[in-house]
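Use the sequences and the hints to build the structure in full.
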Amino acid sequence: MSMLRDFFTFIGKVSCFGVKALVGAFQPPLEWEFFLGQIEEIGWRSLPLILAAGFALGVVMSMHTRGTLVQFGAEAMIPTLQSAAFFNELGPLVTALLVAGRVGAAIGAGLTNMRVTEQIDAIESLSVDSFKMLVVTRIVACIFVLPLLTVFMDFASLAGGFFSEHATSHISLQLYMTSAFKTVEWANFIPPTLKTSVFGLIIGTVSGYFGYTTNEGSQGVQRAATNSVVLSSLLIIVVDVILVKVIFFFFPGQAI
Amino acid sequence: MKINYAAIGVFVLSAVVLFSVGLFLIGNSHEAFSRHVDFFTELTNTNGISPGSKVKVSGFSAGQVSAIQIPDRPSGKFRLKLHVDDKLHKLVREDSFVTVESDGLVGDKFLLIHDGTDQAQQAPRGATLRGQEPIELSAVIAKMTGVMDQANVTIGDIRTKADGTLDAISATVNNANGIVDGIRSGKGTVGMLLTDQQTSNSVKAAVGNAQQATANLDQVFVQAKQVMTDFQSRDLSQKAEDTLNNAKDASRNLDQTSRQLNVALNEALGPDRAGDNAAENIRESLANVNLATANMAEDTEALKHEFFFRGFFKKRGFYSLQELTPDQYRSNSYFESQRSQRAWLNATDAFATDAKGNEVLSPAGEQQIDQLIGTIKNSVIDQPIIVEGYSNQALAADEMVASRSRSILVAHYLEEHFHLSARNIGLMPLNATAPASSGKSSWDGACVVLLAKVK
Amino acid sequence: MSDPPAIEFQHVSKTFGNRKVLVDVSFKLGKGEALCILGRSGTGKTVTLKLMDGLLKPDSGKVCIESEDIAQVGEKDLSRVRRHIGFLFQSGALFDSFTVGENLALPLHRLDKTKSSAEIQQAIEETLKRVGLDHDKDKMPAELSGGMSKRAGLARALVLNPTLLLADEPTSGLDQITASEIDNLLIKVKKDLHTTLVIVTHDVRSARRVADHIAILDQGRLVGFGTASELEKSDNEVVRQLVSESCI
Ligand SMILES: Nc1ncnc2c1ncn2[C@@H]1O[C@H](COP(=O)(O)OP(=O)(O)O)[C@@H](O)[C@H]1O
Ligand SMILES: [Mg+2]
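Listed in order, the protein sequences are those of chains A, B and C. So the numbering used here is basically just the index in the first sequence, starting at one, shifted up by 13. So the numbering used here is basically just the index in the second sequence, starting at one, shifted up by 24. So the numbering used here is basically just the index in the third sequence, starting at one, shifted up by 42.
It is worth saying that the hints were derived from the structure and are not from the lab. Only true hints are included.
Just some of the chain A residues that point at chain C, by a computed CB distance under 8 Å:
no.	residue
1	Glu131
2	Gln132
3	Ser138
4	Ser140
5	Val141
Heads up, simulated DSBU-like pairs for lysine-lysine below, C-alpha to C-alpha not over 35 Å straight-line:
no.	chain 1	residue 1	chain 2	residue 2
6	A	Lys258	B	Lys133
7	C	Lys157	A	Lys145
8	B	Lys114	A	Lys195
9	C	Lys104	A	Lys26
10	A	Lys145	B	Lys26
11	A	Lys26	C	Lys62
12	A	Lys145	C	Lys118
13	A	Lys195	B	Lys80
14	A	Lys145	C	Lys62
15	A	Lys145	C	Lys179
16	A	Lys195	B	Lys78
17	C	Lys181	B	Lys26
18	C	Lys157	B	Lys26
19	A	Lys145	C	Lys171
20	B	Lys26	C	Lys171
21	A	Lys145	C	Lys104
22	A	Lys195	B	Lys111
23	B	Lys105	A	Lys258
24	B	Lys105	A	Lys195
25	A	Lys33	C	Lys155
Bear in mind the structure is a predicted one, so any value in this text is a computation, not a measurement. Just so you know, even glycine gets a beta-carbon here, dropped at the ideal spot from N, CA and C.
Okay, structure coming up:
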């Protein structure tokens, strides 16, 4: 009973935390410098990871689909499948999970560390809203950066796919691109890409919550990092189910 | 805090560039970035087309349905707005029409703008293109069944008419039979009744008409038969089926379909390879039938008053044997054409001289006659028989007397021995010359001719 | 005393969860005076400092800074009050993503807002010079030793020339020489700028050197308040122990 109560209390607290952050994003003064710092940290610094993972995943996916499609003589479908898979689902989801791992841990541990080393108190002592300066900027940066990273992931995977296909069947770049984009529609690209903003909100909110509210030594830092990654990854996958449904609702033609 | 603005710039800018590249590369991008032209079309049934459905011009992806205006009453039509790439505007002409198509068996529905003809003007912006309702197969079949029914009725009609013709022909023939019968069962030998020249003249005319009518009837019969074979040989039903298949294939234009069927029917009824025109045939035949039956009716009416003369005379072309000279008899086409049976009686065998010196039938001659009659048995009762008498005496008068007496001898024997009616037996003294059709040129004695019965 | 006290605690209590950290604490501190707070770990010394800066709010009682109850004032007034308070946190609490110079610039940007960037740079360099870090302006906090971090923290607390300086264990964990350097620095600040000092420390010797008053906290209660010699005569054993024990 108390566990259930704790659970709901927790959900309520995290939700309020997220809502407060979103509201805070629209209340001046804006912490521009800190926001840009987080763009650099979450976006730019994640880029190598995203590009490498996307490329590798593109190669792997391409090899797998080739193995299957060759049996049906449908190799021509490989680029189409690759783009459909990545634009619709794999790109957004994998990006979000990778960022949840890298950035979620960093935010959780970083904020907890700042709390423990009284950096947050130091900020507060300057009459600066540490929540806005540290949490809102991170959450908004996550929301902003994830779609961008997703685009990188999508294209890196296409590059990987092309690399793999070119190595096996010497397909030309133009043909690969044409067939990759032939059946994809904006509704397969824009909504799935933008939905990663929701994943960004999840990552920022969950890890921000753990980081900002934990106030206990190195143990706390560790736990905040772990909790951030685990919970935000889980939530991303669960929420993705809902988001896919929502996208189908608004773009009924895109249900594949 | 050192912010690496360059890094942020590179990151954000390249993401935006990639995103834009994606937008441009993606299939429907050209639609958003190119100039567009709107057309309208109206359909009573949208058949699954919804806003956003693809629009193709001659199969080339050209845009999408941007709006659908719902009609305000059941008889109204849906008004669809088609957002089409300007590049394809040239293909859209005023006679272009729009159909609902589907991508493969299970694919999406899309609108297809059929490109117009080169002669037609380019459809102006905002033009309403003719919407062609999608053809439901069931409707095609229903319509085709209707057409087929009509065709059947037409064919049935023709058949009935042809049948009618045949009926009329049989009726006429029956009538003719009746006349012959009447004469047969009539009053005495025909020749005796033909004293009045006027009567004989009118009968002559009637028979002439009747002959003409019969000839016509024959022709009609042949033509009617031809029509029926025509129908069969031209394989109308197969043609109709082909047309139906064509219609299904085309699945476009019912008007066209029915037109096609009409054409098919016309063609079927039109001139065949030999240039005969079935419809003409039928018309002619029917006209002939009408004429024939009309004539027939008239003639029959006239002959009712002198019924004994009916058909018999029509058939043989003369009224009495007595009126015929031996020459006329010999060359008469009626006797020529008759497939008659003959029994030749030789003067030396069949005839003998009795004690008084008069010529009589010898037992051998009687036996020969018995044999001939034996071949036709009971039907001899109403068998028209002509007894030809022959003689080759030196004197022409002797010849005439001898041939005549011989024919009388034989006729007598027939009448007495077989109890035949005298009206069925005609005498024809022919001196020495036999008719060409008999197969002999001259004879001495007699010949019993069993005339073939008129059917 | 016609002047209002710099700091006045009136029956202040603070509880975290069910743990009573401060219980009915009352004292006054005049302007320009130095107060050292002594006490064992976890007795609420840091909490007391944070109450003075408005970082924590008392559950009951009042915390007045120059007669202003900072638990009650709005965000704007609190900001104005804080403009004159410097806070040296226990571990320095330098923002680890900022350089030392940027750490010092932050209070100038956030609380002063009147200075031009040249003035800011000048203030930063002067302050760093005062704490002996004039060559370490562009270093990151991670590159600093413990003593340097403390001094950088102190510089950040002093950069606005506060009238009240709160220092949480400024000398703990440092060698004797560095510790006395920092003490000298604090005394200098107090003398030159007439700054009121509140210092949390375990070092009784430095407390005796710097402080006008010493406050002893034990299990959330203020068990002694007075000069070192007054406290030596206290009948509370813990007080006597704390004041004298480390004298040796
Ligand atoms: N923000 C806080 N939330 C919960 N408990 C706190 C908080 N700050 C301090 N405490 C508790 O109050 C007690 C006093 O802490 P503190 O004043 O830091 O001790 P010290 O005297 O060693 O500085 C400690 O036991 C600490 O656990
Ligand atoms: Mg402490």
